[in-house]
Structure formats: C-alpha cells, structure tokens
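Asker: One letter stands for each residue in the lines below.
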Amino acid sequence: MNKEMGDAPGKPRAIVVGHGEFAGGLVSAVGQICGMADKLVVLSMMGMTPEDIEGTIREQLSRTGARVIFTDLPAGSATIAARRIVKDEPGIVLVSGVNLATLLDFVFSTDVSPTEAARAAAERGKASLIVVGR
Amino acid sequence: MAIHLYRIDDRLIHGQVVVGWGQPLNIRVLVLVDDAVAASDWEKELYRMAVPPEMEVRFVDVPTAIRDHAKIASDPRPGLLITGDIDSMYRLVKGVKAIGSVNLGGIHHRAGRSEKLRYVFLTPDEEQQLRELEAAGVEVTAQDVPSAHAVPLQEVLEGAAR
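As you go down the protein sequences, you meet chains A and B in turn. Numbering follows this note's numbering, with no gaps: position 49 of the first sequence is 49. Every position in the second sequence, counted from 1, becomes a number in this note's numbering once 134 is added.
Keep in mind that the hints are not guaranteed to be accurate.
From the structure, some residues in chain A lie toward chain B, with a derived Cβ separation under 8 Å [to be verified]:
id: 1; residue: Leu43
id: 2; residue: Leu73
id: 3; residue: Pro90
id: 4; residue: Gly91
With a Cα cut of at most 16 Å, we get these calculated EDC-like pairs of lysine to aspartate or glutamate [said to hold, decoys possible]:
id: 5; chain 1: A; residue 1: Lys87; chain 2: B; residue 2: Glu177
id: 6; chain 1: B; residue 1: Lys228; chain 2: B; residue 2: Asp175
id: 7; chain 1: A; residue 1: Lys87; chain 2: B; residue 2: Glu273
To be clear about the criterion: a stretch of chain A counts as covered by chain B if any three or more of its residues have a C-beta under 8 Å from a C-beta of chain B, and this derived list gives those stretches [claimed, not checked]:
id: 8; segment: 27-36
id: 9; segment: 47-60
Bear in mind the hints are in silico, worked out from the structure with no lab data behind them. All of these numbers come straight from a predicted model, not from anything done at the bench. Just so you know, even glycine gets a beta-carbon here, dropped at the ideal spot from N, CA and C.
Excised from the complex, chain A in its bound form (with noise of 0.2 Å):
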C-alpha cells in the first residue's frame, strides 16, 4: 500500500480550521452523516497570534501526519498561516474556502492520497453551491 495514502482507522488525512466554531461545527456535522470526523482534526484559532496560528497547524500537522489544510476564507488569518507552511512544505495542500460537501467527498476518497482527495473534494464542494428560485 502507498504508504501516503495511510488510511488506517481512525487516522486524520487533514486538518480543518476556521473562525470562531465554524472548524468544530463543520467536523461534527461529518461525524453525524458518515461518523467518519476521525479522518479530520479540528482547530480553532480565537484568540492566538499569527505565530500562534502557524506553530499549532505546524504541530498538528507533524503530529497526525495529515497532508492537507481546509480553512474557510481565503482573507483568513488561518489561510496565510497555511500558506506559509504550503510554501516551506512539498506535499502540503490547503484548500480554503471548505464546505460541508467539499470535506464529505474528502473523507469517502480513501483510495487515493489526501493530497488528491483535497483536489477532487475542492471541485464537488464547488459544485454543491448552487441557487435555486427566481
């Protein structure tokens, strides 16, 4: 097996962080759908600096060995945070501007590297915005 792809139970393939509780309760909401929120750890950064920001995902990042950042806005201090990792680390992927669907076709794509998986994700969730009525 690839070992990037890693998907032993219960190992984290991405981390997902955002403002105020929108990381916690986007994460839950996977849990309750397909009880697969294991696949993904959760941040919050209220109340940390920058660097504070950075050395946390840093951490988690080297201490789940998950590959991928979802954030929520692209104008968020969580994104230039992740982008400076993205910039120091080969093989790190972030993905802002995450929804529900983008991180739900995420978790089910275990048969090829979370990097891919982030990838394909970010084109289901952009898909899922749709409007409807006049």
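Starting from the known structure of chain A, arrange chain B on it as the hints suggest.
Answerer: Relative to chain A, chain B alone:
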C-alpha cells in the same frame, strides 16, 4: 480625510478587517503599514491574495507612511489603515500629528503581555505608548468588530471590560 479607521491588528489583513469592517464601511483601499511586509515581495503577495478584487491594497513602511500620509488620506475612496503592532502606530501617529483616533483591533497573547480584553494583551511599554497617544489628544478605543461596543482606553487598561 478618507481613512475611516486606523487599526492595530496583529493578524493584519484577515476576515474581521476585510469583511467585518470592510463591508459596512464600504472600504475600497487598505493601507498596510508594516516595515517587514513592505520589504518583502513574498509577504506582499501573500496579503494581496487575501484581499477581494474590489479593494486595492497598498504596502508601505512606517517612514513612507509618515511622509506620504497627506497624499494617502486625500484619496477620496474609503480607506482603512492597519499596523500589526502598537509601536508602528505610535511612530505613525507621532510622525503625522493629524490622526485623531486609533482602534485596538487585535493584539494577542505573547510572553510579557497581560490580558486586558479577550483580544487585547499588552506589555507595560505598550500600555505606556497608548497612554502617551491619549495624552496627546488621540482617542484610543478597543473594538474588534463594528457591532461591538468601543471600549475607551482607560477601561481597557483597568481590565474592567474583560
């Protein structure tokens, strides 16, 4: 004067600035006054990508901001000026002598600082710089987002609003 807010925020350009203040104030120009960012093309690109297309962002160091303040402030588009620390804002306000108010938006915990508000932690030197600004007639208040109450400096320093 088209600069609607002079803000100290260690996260520089982020959600609260771009969306929280940017939308209600209809901000069209962000002026990031930071010596380190102004000196690095990579840092400038990093923050430029965080800014929505309807906003222009300018990067200047403190001496340039002091020299060009009148020109920057004469831009008729609504603007927001940010520094990442108290010292940069202190030098700017002292150098320009035309800035009437300063917003404490986010100065988070690090060694040597003590908590004044959930989002304001200060060292004794930083407290002193803020007191000096107020003594010089500058209104200093803490307010993270527009819907929050603006807390006057004295209350911030007393920790009464924690």
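Asker: All hints, please: hold or fail.
Answerer: How the hints compare with the structure:
no. : hint                : result
1   : Leu43               : violated (15 Å)
2   : Leu73               : holds (5 Å)
3   : Pro90               : violated (16 Å)
4   : Gly91               : violated (20 Å)
5   : A:Lys87 x B:Glu177  : holds (12 Å)
6   : B:Lys228 x B:Asp175 : violated (28 Å)
7   : A:Lys87 x B:Glu273  : violated (40 Å)
8   : 27-36               : violated (count 0)
9   : 47-60               : holds (count 6)
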